[in-house]
Structure formats: structure tokens, C-alpha cells
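Produce the entire structure from the sequences given, and follow the hints as far as they go.
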Amino acid sequence: MTALLRVRDLDAHYGHFQALSGIDLEVGAGEAVAVIGANGAGKSTLLRAIAGQVPQPGGSRVEFDGVELRGLPAHRRARLGIALVPEGRKLFPSLSVQENLLVAAGAADRRARGGRRWGLDAVYELFPNVGRLRDRPGGALSGGEQQAVAIGRGLMAEPRLLLLDEVSLGLAPVVVEQLYAALGTIAATGVAMLVVEQDVGTALRLAGRVLCLRAGRTVLTGAAAEVTADAVTAAYFGT
Amino acid sequence: MTDTTTPAATDATGPVVVRTTRASRAAAVVALPVVALLAALPYLVAPNITRLLVGLFTLVLLATMWNLLAGYGGMISVGQQGFIGIGAYAVLVADLIGVNPYLGLALAAVGAAVLALPTALLVFRLHGGYFAIGTWVVAEVYRLVTVEFRAVGGGSGASVTGLSVFPPVLRGAITYWCALGAAVLAVGGVYLLMRSRLGLGLTAIRDEPTAADSLGVRVRAAKRVVFVVAAAGCGLAGALIAVDSLRVQPDSIYSVQWSAFMIFMVVIGGLGTIEGPVVGAVVFFAIQQLLEPYGVWYLVVLGVVAIAAALVARRGLWGLLTLDRDVRLLPTGYRLRP
Amino acid sequence: MTWVNAVVQGLLLGGVYALFACGLSLVFGVLRIVNLAHGDLTVLAAFLALVATSTLGLNPVLALVVVVPVMAALGFALQRLLLHRSLRAGELAPLLVTFGLSIVLQNALLQTFSADTRSLPAGDFGTAGLELGGGIAVGWLGLSTLVVAVAVLAGLQLVLARTPIGRAMRATSDDPETAALMGLDDRRVYAVATAIALATVALAGVFYGMRGTFTPTLGPQLLIFAFEAVIIGGLGSLWGTLLGGLVLGVAQTVGAQIQPTYGVLAGHLVFLVVLAARPSGLLRREEVR
Ligand SMILES: Nc1ncnc2c1ncn2[C@@H]1O[C@H](COP(=O)(O)OP(=O)(O)O)[C@@H](O)[C@H]1O
Ligand SMILES: [Mg+2]
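Residue numbers (my numbering), protein chains in the order written: chain A, 1 to 239; chain B, 1001 to 1338; chain C, 2001 to 2289.
None of these hints come from the bench; they were simulated from the model. Each hint should be verified, as a subset may be incorrect.
Calculated lysine to any residue pairs in the SDA-like style (CA-CA distance at most 25 Å, straight line) [what the hints assert, rightly or not]:
no. : chain 1 : residue 1 : chain 2 : residue 2
1   : B       : Lys-1223  : C       : Leu-2272
2   : B       : Lys-1223  : C       : Arg-2080
3   : B       : Lys-1223  : B       : Ile-1274
4   : B       : Lys-1223  : B       : Tyr-1130
5   : B       : Lys-1223  : B       : Val-1114
6   : B       : Lys-1223  : B       : His-1127
7   : B       : Lys-1223  : B       : Leu-1126
8   : B       : Lys-1223  : C       : Ala-2276
9   : B       : Lys-1223  : B       : Leu-1122
10  : B       : Lys-1223  : C       : Pro-2279
11  : B       : Lys-1223  : C       : Val-2065
12  : B       : Lys-1223  : B       : Trp-1177
13  : B       : Lys-1223  : C       : Gly-2090
14  : B       : Lys-1223  : B       : Gly-1199
15  : B       : Lys-1223  : B       : Phe-1166
16  : B       : Lys-1223  : B       : Val-1141
17  : B       : Lys-1223  : B       : Leu-1185
18  : B       : Lys-1223  : C       : Arg-2278
19  : B       : Lys-1223  : C       : Glu-2091
20  : B       : Lys-1223  : B       : Pro-1118
21  : B       : Lys-1223  : B       : Leu-1107
22  : B       : Lys-1223  : B       : Arg-1197
23  : B       : Lys-1223  : B       : Leu-1200
24  : B       : Lys-1223  : B       : Gln-1249
25  : B       : Lys-1223  : C       : Ala-2108
26  : B       : Lys-1223  : B       : Val-1110
27  : B       : Lys-1223  : B       : Leu-1117
Everything numeric in this text was worked out from a predicted model, so none of it was measured.
And the structure:
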């Protein structure tokens, strides 16, 4: 089976600062992989590079469904089926909740001609409270509600790969619980996921494999069942 | 800035002092003899040449003022012609009440600065492009109010008569010295202002916008100072135009064309540098002299060049020149050999 | 009665100003660019209509069929070639670029068409009107300009609020980076917005050209009027823009009633008073952030 996403020797720079060095990563169709690491390790940069928000240097390869993505701007990648749920949710404040969802639907228009899996109804079924808030402005929601809308917005683009950046950040444990239950449902429909979290335990609820970053480099990879807590701690802090 | 642990204060003054020493050495070596030579020019060349240079110095003054606003203050004004007009009319008023029109130059600078204070109160409520148009509206108001006064000629303007007591050659020389003095004062003044704490603060904010929030109040005050100084400079320029041409016509002295000229000079010469506006003024002046006989196409060409400069060469000609120099600085040893 | 007439004529004049202003307002709302060439583009549209009427023998209203698409295409190209690059070249670049464009347009028009005063031949439509009695007459042209202005503003409001492209414009205006993650191409969204804006500019130019006279150097004046309408009404509110246009129009005609040379000045003064007393405009909605 060929991987849905194949990343080879990925570097990323902000000006002269190198935020990622030589990252290798594969995600199979329908697979969930966790990316963990401390603040500033380069997790968000990795997701942003895959989504097309950070330039891709000549030597690096990012293949999606067998197609090299270099030079493809973010909106074209979104239309191919890569959806990033960004750190901080980034809802559009002057759009209502429902408009926030609808705005992403256009990304899937060409691919979804054969029928949509994720429409408004499906998202409202997955997140019932989002349906109740549909006419609220995107800027007037609680953190958990915003996160649900942001995930729903990602789904409206009919992704084959969902990139999730710190879904649990700043949320109460019960809310995280609900969101991860929904993510489990999404994963079961065959959407592949790259789950960024700072907390290993949270990420491993979904993911079968884990990649740990420190200072822009891969310091640990392995199947979730095989990596021990000690190994993770050591990789995380570099002790 | 290699040592980030140094306290901010010494960090800010340390390298700057070094830089200014080098710069002032260069200024002493190059600029002083040049200024001395320019000052002696009325004794050396024909009056028509010094007359031309009055135009150039006025442009240098204007460009330097606009650069102070936009390049250092971050304010794009399209209404500086308002203060140019006020300055020119200050000369007319001085003339009317029997004051020597050359004293009107000082009156012009002061008058424009005083008027700039309430103007700032209003236009500072607008930002970015709307600030730009706001300054323009104010300039239009100045013009429309000015033409209501019959004493200064209403809509058709008036002539400066008080200067006829001077013989033409002497008058030309005095005007020339005034213009030279004003240009030197402007360039030197902006240089000193930018070296002061106020200037350093403005530059820091330009380069690091996040710092602006924490310094909010002081930034506003600094911007107001910049606005007032620029108004005074433009008022002085307007007064120079009046004593040079001996005639003030409201539609042309309050024309937005002046703003176009200032923007062209600064953008082409180099926004946010001391030298750029001077270079820009010289280039603009040369183009104007060469191409003006062919009609206003030269403005079309300049507009295209300014657009290109704003898009691709943000530090203008001066930026391109200094980049060259930086490259040449590396092999210094070879350079010195001949 | 002359005062009532002045107010009525002012409202009609305000229709033109509202029409001028909506393109400026749209470009600012979506691209966050203040287009300093807005007035010169309006004048360009009037000259295009002049060429169309004189070479094709079209009535100016029919000339809209040509001028509106041409201006819209120009807007699309303008965004693609100049404005988009200026957005990436720093905070001051869009202003410098659009001001440069203003000077280029003005002087190119001046060289091509000379400084002569022109007007678009509106025929009977331009002179006939409705007698309301008491010395008050409402010209058909003025009335239809006001109706067109209201229709354009309502149409724009509807497009922004209800259609996918309007939604895309608001999302891109909020946050272009995140909008790209949703598959929106900001270049395209901006170009469509600029095209729509210039289509309204074409309407404004043609109606203004029929109502009065124009010269190649009129652009800055028109920009100022459009700007005053936007600020008086309140940034970001299209109905505010209509109100701003009407207030400005009335201020000018009432000022001119006091003394002919006071017209424009009175408009400026009303603008400055609004700016001093209510800087966010008469109809500014509180922004949801
Ligand atoms: N826009 C940016 N400009 C410069 N440096 C950045 C930018 N974004 C992130 N960085 C730097 O890149 C590194 C990785 O950041 P990030 O990917 O956000 O880390 P993480 O998501 O793991 O916390 C950090 O050192 C951060 O300071
Ligand atoms: Mg992060």
C-alpha cells in the first residue's frame, strides 16, 4: 500500500532561522499519526509546511497521493484534500458559524461531485451544539465551541488528510473528551490524521504511531504500543 | 546587536554612536566643502544658475520633509501643499503689512507649525490611506478659505512687491542663500532629529511594530512632533517659492501636484534614509528640466518609475547605491591601491 | 422654498457621491487598500463613455454596456498586476502605488484629451424632469442616479451577505492566510472585488459625466468627495456610505445657496465636524471582534 502522505527530508526556514531539519514522515490512507514535542519544537511548522503556508526548499519532498506538492499554494492543497485546523482555531470573526462552515465547502466542490460525506447536516450531527449556534458570529464563541466549529470547517472541505494543531489547547478536560470522541468518529470514516499535541496521552488516544520533535528534528518515532513513557520523556526533554 | 544580554539603553546608544561618528566624519569630509562652495556660488556663476538651484533646494527641502513624515513617521500625507500654500501666503501677508518678505520666511515656518497643531488633532483620527486623504481635505479647506480673502487677491492671487527695493542681483543672491540655508537646515535637522531619542524611538517602531503598543502614547507624541516639523518645513518651502517667483497663485501653490513631486522624489530616491530624498530631488529636478518641454508625459514616466520603485526597490536609488557600496566595502584593500 | 429646493437637489447630488463612494468602500473593506486612484479611474470611465458615444454614436446610458465590462476587466487586471504585488511590498506600498497610478492616469488623460471641459450628451433625459410645484423640479437624470445608487448599494450588500463570493470576500478580508486553507485563492477573490468596484466606478463616471462637466484633472476632487461620503457615513457600512453621500450632497447645495463659492467648502466643513465629533461616522456598526 502506498502512503497517502509522504514527507522526505523536509526543511523549513523563517528567514535565517531553521525551524525544521530533515523530517521524514509517512501517513497511510485512513491512518492517524501523533506529532508531539515541547513548545517551539516545530510541530506547527510541520503542519503548516504540509498545508503550504511555509515555503518548501528545493531538496525537500512532500508527496500527497503520489503527487509532489512543491510550489503548490495553500488553496490548491486544500482543494486536493488537505485540511489544516490551525492552532488558535482562527475562525472568521465577521462570518456566522454557519458561514464559517460554508466557506470551506467550496474547496471540495470539484472532488465532491459524486456526493458529499460532510455537509452542514453531518457536521451538526457530529457537534450538536454547533448547530444551535449556527447564527452566532464566529468571534462570539467559547474556546471549545470555536474548536468544534474549526474542526467542522475542516471537514466541510471533505479532507482525505486532516491536520490538527493542538486541539486541546486551553480547554477543560471534559471538553477535550468530547472533541476527541468526535475525532474518533471522524477517523472511523477513513480520514487520515496528523494530530499535534503537547500531551502524549491525549494524542495517543487516536494515533497508532508517534513522531516526537525537538528543536526541529525527529528525536523519536515508533508505534504507540512500543514507545515507553520513559522514552518519550527522554526524547521530549533531551535528557 | 550581538550581545542580547546588554541592557537596552547601552545597546541602543552603543552602535549608534559609532555609526554617527563615522557618518559625521564622512559629512565633514564631503558635505562641508560642498556647502561652502555652494554658498560662494553667487560670486562665481551667473544669476540664472543660482536661480535654477533655488528650485532644486526647495525640492530638497520638500522631499526631506515628506520623507520625515512617511519614511520615519510612517504617515503618508497627500496634503502637504496645504502648508506650502500657508507659507507662501505668509510672505504675502508680511509684504502687505510692510514687513520685509525675507522675514516672512520665518513667519511662514512658524505659521505653518502653529496651524499644524489643530490639523493634527483632526487628521490623527484617521489611519493609513484615510489619513492621506484627510490631510488632502484639510489642504483643500486652506485653499478655499484663502481665496475668500480679497486682500491677498482672492482666487487670482497677488504679487510680492516689497522685494523691489533690492537690486535684482542682490535679491537673487539673498533668495539663493535662504534656499540653501533652508535645505541644509532641513537635511541636518532631520539627521539630528533622527539621532535624538525621539528619532530612535520612531525607527525602532518602524522596524519592530510590536513595540509600538507598549510605547503607544510616546509614539503619538513623536508623530505629532514629526507632523509639526514637516509642516514648518513645507511652510518654509512655500515661502521660498513665493520670494523666488514673486507671485502667489492659489490654485498652483495649493496644488496636489506638490505632493506628487514629493512622493516621486522620496520613493525614487529612497524612503526612510537621509540621503535618499536628496538624491531623489536631484534626479527629479534633472528629469523635470530635461523633459518638461515635452509636456506632462514626464509625469507619466515618473509615475511609472515610482510605482516600480515602490514595488521592487523599496529603498530607491539610494538603497541600490549603498548596496553597491556594501559590496565594494569588502575588498577595501584593493580599492585603496590607486 | 429655495432652501427646500437646495435640500432636494442636494439629495440628488448625494446619489452620485454615494455611487462614487461604494467602489472605494468595497476595495477598502475587502483588500484593506485605500485606492488613491479611485477618482481618476472614475474620470477614465467618463472619458471611455465619451469615446464610445462619439465613435459608436451610442447614447451614454447605452455606452454603459461597453464601459462597465471594460472597467471591470481593468479592475481585474489592476489587482492582478499592481495591487496584489503592492500588498506584499510593505504597509506604505499600496498607497504609493495607487497614488503613482493616479498621477499616471491624470496626465495620460491630459495629454490624450487636452484640458478641455467635456460632458456626456444626455439629450432630453438630461434636461427634462418632474415639476413638484413651488419652484422645485426634480430632474429625471438626478432621480435615476439616486435610484441607481441605492440599487447598487443594495445589490452589493446582498452579494456580500448572501452569495458564496461575498462570503469569500468577507473571509479573505478577515484573514487571508486562513481563507487559503479553506481553498480560497486570495488573488482571485481580491480581483473579483476590484472588478466589481470598478464596475460601480464606471456607473459613477457615466452618470457624473451626464450630470455635469469633467476634465482630466477632476479625479482628485471626486476621490475627496467619495472619501468624505465614506467617512461621514462610517467605515465598513454600505448604508452609511449612502447616508454619507446624501449628507455631503445636501451640505454642498445648501452651502452654495448661502453663497455660490461656499458649496464645496461647506461639504468639507461638515466632514471635519463629523470627524471631530463622531470619528467613527454616523452609522458605524460596532465591530464584532
Ligand atoms: N512566523 C515565524 N517567524 C519566525 N519564527 C517562527 C515563526 N513561527 C514559528 N517560529 C519559530 O519556529 C520554531 C518552531 O515553532 P512552531 O512550529 O510554532 O513550534 P511548536 O508548534 O512546536 O510550538 C520556534 O522556535 C518558533 O519561535
Ligand atoms: Mg504550535
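* Is it true that the CA of Lys-1223/B sits at most 25 Å from the CA of Val-1114/B? -> Holds, at about 15 Å.
Quickly compare the C-alpha distance for Lys-1223/B and Gln-1249/B to 25 Å and report which way the hint goes. Between Lys-1223/B and Gln-1249/B the Cα gap is close to 31 Å, so the pair fails against 25 Å, i.e. violated.
Practice problem: For the pair supplied as a hint, Lys-1223/B and Gly-1199/B, confirm whether the alpha-carbon distance does not exceed 25 Å. | Solution: With a Cα-Cα distance of about 10 Å, the restraint between Lys-1223/B and Gly-1199/B holds, given a limit of 25 Å.
For the pair supplied as a hint, Lys-1223/B and Glu-2091/C, is the alpha-carbon distance within the 25 Å limit? 17 Å, holds
Is the straight-line distance between the alpha-carbon of Lys-1223/B and that of Pro-1118/B 25 Å or less? 14 Å, holds
Query raised in the report: Lys-1223/B and Gly-2090/C: Cα distance at most 25 Å?
Result: 20 Å, holds
* Are the Cα atoms of Lys-1223/B and Val-1110/B separated by 25 Å or less? -> 18 Å, holds
If you draw a straight line from the CA of Lys-1223/B to the CA of Leu-2272/C, is it 25 Å or shorter? 21 Å, holds
Hint consistency between Lys-1223/B and Pro-2279/C [alpha-carbon to alpha-carbon, up to 25 Å]
19 Å, holds
### Task
Please work out if Lys-1223/B and Arg-1197/B have their alpha carbons no farther apart than 25 Å.
Since the Cα atoms of Lys-1223/B and Arg-1197/B sit roughly 13 Å apart, the hinted pair holds (cutoff 25 Å).
> Taking 25 Å as the top limit, are the C-alpha atoms of Lys-1223/B and Leu-1185/B close enough?
Replying inline: 20 Å, holds
Does the alpha-carbon distance linking Lys-1223/B and Arg-2080/C stay inside the 25 Å limit? 34 Å, violated
The structure fails to meet hints 2, 11, 12, 15, 24 and 25 from the earlier list, while all remaining hints are met.
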